[in-house]
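Asker: Those protein sequence lines, which keep their order, are chains D and G. Under the working numbering, residues 80 to 474 are what the first sequence spells out, in order. Under the working numbering, residues 81 to 512 are what the second sequence spells out, in order.
Bear in mind the hints are in silico, worked out from the structure with no lab data behind them. Please note that the accuracy of each hint is not assured.
Said to hold, decoys possible - With a cut-off of at most 25 Å between alpha-carbon atoms, the simulated DSS-like pairs for lysine-lysine come out as follows:
(1) K179(D) to K289(D)
(2) K179(D) to K433(G)
(3) K179(D) to K138(D)
(4) K460(D) to K179(D)
(5) K138(D) to K460(D)
(6) K285(D) to K179(D)
(7) K433(G) to K238(D)
(8) K341(G) to K238(D)
(9) K289(D) to K398(D)
To be verified - Derived DEER-like restraints, expressed as beta-carbon distance ranges:
(10) A417(G) to V323(D): 49 to 55 Å
(11) F435(G) to L454(D): 47 to 53 Å
(12) G357(D) to S375(G): 39 to 45 Å
(13) N263(G) to Y420(D): 26 to 32 Å
(14) G415(G) to G295(D): 35 to 41 Å
(15) G295(D) to G321(G): 28 to 34 Å
(16) H441(G) to D277(D): 51 to 57 Å
(17) Y421(D) to A378(G): 39 to 45 Å
(18) F302(G) to A414(D): 44 to 50 Å
(19) N299(G) to G357(D): 43 to 49 Å
(20) A104(D) to M422(G): 26 to 32 Å
None of the values given here were measured: they were computed from a predicted structure. Every residue, glycine too, gets a C-beta built ideally from N, C-alpha and C.
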Amino acid sequence: MNKTALWFIRGAVFCALMYAVPSMAIVDTYCPSDLNGDGISDDPDVVCRHITGGDGFAKMADGKDLYVFGFGDATGVPDGEVMMTNMLGANTPAPTIVVKEGQEVYLTLSNVGMANRPDLFDAHSVHWHGFPNASVYYDGVPDASVAINMGASLWYYYKAMDPGTYMYHCHVEVVEHMEMGMVGNLFVTPLQDGTAFDDPTDSVVKNFTKFAYNDGDGTTGYDVDKLIQLGDFDSRFHDASISVQPLPFDTLDGDYHLINGRGYPDTINPDPIVNVDGNPYQPEDSLVTVTQGQRVLLRVSNLSATEYHTLRSLGIPMKVIGRDARILRTGGDPAGTDLYYYTSSVTLGGGQSYDVLLDTTGVAPGTYFLYSRNLNDLNNKDERRGGMMTQIVVQ
Amino acid sequence: MLNRLKKKLGLVVAMAVLGVVMAACPASAVIQGVTGTAFNFTAKPGYIYGGDGVSIYIWGFANGTGVVQYPGPTLLLHEGDNVSITLTNSLTTNVSMVFPGMSNVAVTPGGSGVPGIITTECPPAGTVTYTFTAANPGTYYYQSGTDPALQVEMGLFGAIVVYPTGSFPASPGVLSQPGHAYNDTQGDSAYDREYLLIVSEMDARIHRAAERGIAPDTNGFFSVYWFYNGRNMPDTMGAAGDPMLPTQPYNALFQMHPGEKVLYRIVGIGRELHPVHPHGNHTNLIAQDGRLLSSGPANGADLRKRLFTIPTTPGGTYDTIFEWTGANVGWDIYGHAPGDPMQPNEFAADHGKPFPTPIPHQQDLMPGQLYSGSPFLGGSGALPPGEGGFNPTGAYMHMVHDHVEKELCNDGIFPGGAMTIMAIEHPSVPIP
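Chain D with its partners taken away, still in its complex shape:
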């Protein structure tokens, strides 16, 4: 082969490579099972989600507008519109992602930048907290893998094999990004869902079709499940951030104490809380309304960057059936022996999760409280009778 031909081939390969690599700095959904280009999977065994990392505002229960970082939902939003729709689109907490056991998950993360902090050029990532046998590339720790710069997209893949209550959060500059609000939850529902089981351990005959785990006997069955994400914001830290001041890492200590990103009484407001920009970015209430006899599954997690919390149920016993996305049986194994226990409180440090059943059989209709027993959590900063508290209404 002569030299010219060799150069020609090299040139052709170079050009091919240029077109083969993904284009730079562009929002780009990756969803191989999307057949019609709407960004939504057309295969029932595959889930595609698109979330964005950026900034925005949350409204605290005392009316305070708090500057936050967060994830927004861009699933189904055309790629060309994502920057416009999701800039300033931080949700508090991040959108809850629910997938079924066995499903493959393609998660696109686009970084829409910090509109209020043009001096920042932070990258973002997603850490699926608790994902079993994780690879580092999809684990989202920026030191050991990659994170995505502004204006571009990164693609994660997970095969969800183990049901349970998980968390996800940004792991870039993790103290700052978690404290600022880049925290969310992820549930994997079991294959057993849809089959009917009567829990042999309870007093009434009732066929459950939804379960926390593949228990094989209905003991983790529920009628209603509820996200209970515990968290704290230190308003001094957030105010320093929006004022472009040094961040007080050394004195970090929450003064807003939250369930699902809200303090009481916002926790029991069934409507989204609208922020200072007029956007409904705190969509998750924690009011549980049930008919007497129904069973509630509380999916409790602590995503606070600063504190432990003890969540207490007043009037309805808690039955702990799962911990850290594993059924509470010996070795976390569905085939193990039950280690379920009754209690009236669970204590969680950051990054822990509990699955708790509240059975309302025989519970008189009325309003019951679920609240943090760390008494200083019952404040919305200086306002008392607020904070980390919500209600269970039995009808």
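Place chain G on chain D using the hints.
Answerer: The following block gives chain G in isolation, referenced to the frame of chain D:
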């Protein structure tokens, strides 16, 4: 030609870096400590380095008349050992030792001991001999029993590992050996490697006050430094016995191969609760406070818990076993083609399955220093100039850290604190 030269040069550089890392590692795959049954300790003042380079005044235990260290020397004992520790006090205040979980704790008559609230204390310049029996295998600790609110905070503590009969490092201080942590016959406590993880914290104001002889405020405690084995990140990941950190001889850098069982012996020595989160997989918590989580003597660790975050309590110890194979990720973590031979402990169902997503353009990514440039275990790939370089073996560097996230700071500076790395190495990479 130029390309070939570049490749060779790259390889040479990579091998050189690997060599440096490997040379630094032999002392890391092991629980370092002191062996025997008769020890001489000295309580004395000294200084450690915070991860931010600041000197912090401490009180600690030294082995013999050696250098004070934070934490104190780890005692590596056999089950049933009758142990004596002769404590000499070079501090200007009384000091003592207590041994939670140990049997027959006593003070040998004849020393210069004086009665204290909790135990016999050793006055300044005095000597007291404490004795105890290490009756049960497990993970324990010792600490000062005198004014613990101040003295434990200052650094007067250390870990104790009691190995069951027949399971002991063949060459202590050199090589970690497979073993079993307890005397169960089910194999629930069997491990291939073991690591110690002592979690502690500090309020720098207390140490500054003690240094200046001012009465320290132990009541208004507010921690600003968090330690694994006496070091803040990034020093946790440095070599053990690093001469730059003479009073912090223990590191906390972990290594394993896929399929191995790694026992973490976690000691919550401070006053705070710490949720320890090992990335990469769940762990099996098999024991607490030196006792198997067991429903009866013949039942092994049948009450073990499977957790992705291990919450430590003040003064509690936790033995938890971490395993990792990459099972069920849905793609081949080695980047094999379908016909390639299998790696040991590889998850067969994913063999040869392609990597499932594109990788964004380099300029859109922020690569980490511990990223090899490749998503595959043992792989490597192109990185932008100046990036990466701290992972020449292409290990999966999974973080292990406290999940009270603010504890990843050194006195207000991120990153730092209670954080380290578990390096899951390709099966072909030797781990000392």
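Asker: Determine for every hint whether it applies to the structure shown.
Answerer: Against the structure, the hints:
1. K179(D) to K289(D): Roughly 12 Å separates the two Cα atoms, so the pair holds.
2. K179(D) to K433(G): Roughly 22 Å between the alpha carbons, so the hint for K179(D) and K433(G) holds.
3. K179(D) to K138(D): Violated - the C-alpha atoms of K138(D) and K179(D) are around 32 Å apart, more than 25 Å.
4. K460(D) to K179(D): Status violated; Cα separation ~39 Å.
5. K138(D) to K460(D): The given pair, whose Cα atoms are some 13 Å apart, holds under the 25 Å limit.
6. K285(D) to K179(D): holds (24 Å)
7. K433(G) to K238(D): Distance of about 13 Å is within 25 Å: holds.
8. K341(G) to K238(D): With Cα atoms ~24 Å apart, K341(G) and K238(D) stay inside 25 Å; holds.
9. K289(D) to K398(D): holds (17 Å)
10. A417(G) to V323(D): 49 to 55 Å: Given range 49 to 55 Å: holds, Cβ gap about 52 Å.
11. F435(G) to L454(D): 47 to 53 Å: holds (51 Å)
12. G357(D) to S375(G): 39 to 45 Å: violated (58 Å)
13. N263(G) to Y420(D): 26 to 32 Å: holds (27 Å)
14. G415(G) to G295(D): 35 to 41 Å: holds (37 Å)
15. G295(D) to G321(G): 28 to 34 Å: violated (52 Å)
16. H441(G) to D277(D): 51 to 57 Å: holds (55 Å)
17. Y421(D) to A378(G): 39 to 45 Å: Cβ of Y421(D) to Cβ of A378(G): about 28 Å, so the range 39 to 45 Å is violated.
18. F302(G) to A414(D): 44 to 50 Å: holds (46 Å)
19. N299(G) to G357(D): 43 to 49 Å: About 47 Å separates the Cβ atoms of N299(G) and G357(D), which means 43 to 49 Å holds.
20. A104(D) to M422(G): 26 to 32 Å: violated (40 Å)
This entry does not satisfy hints 3, 4, 12, 15, 17, 20, going by the numbered hints stated previously.
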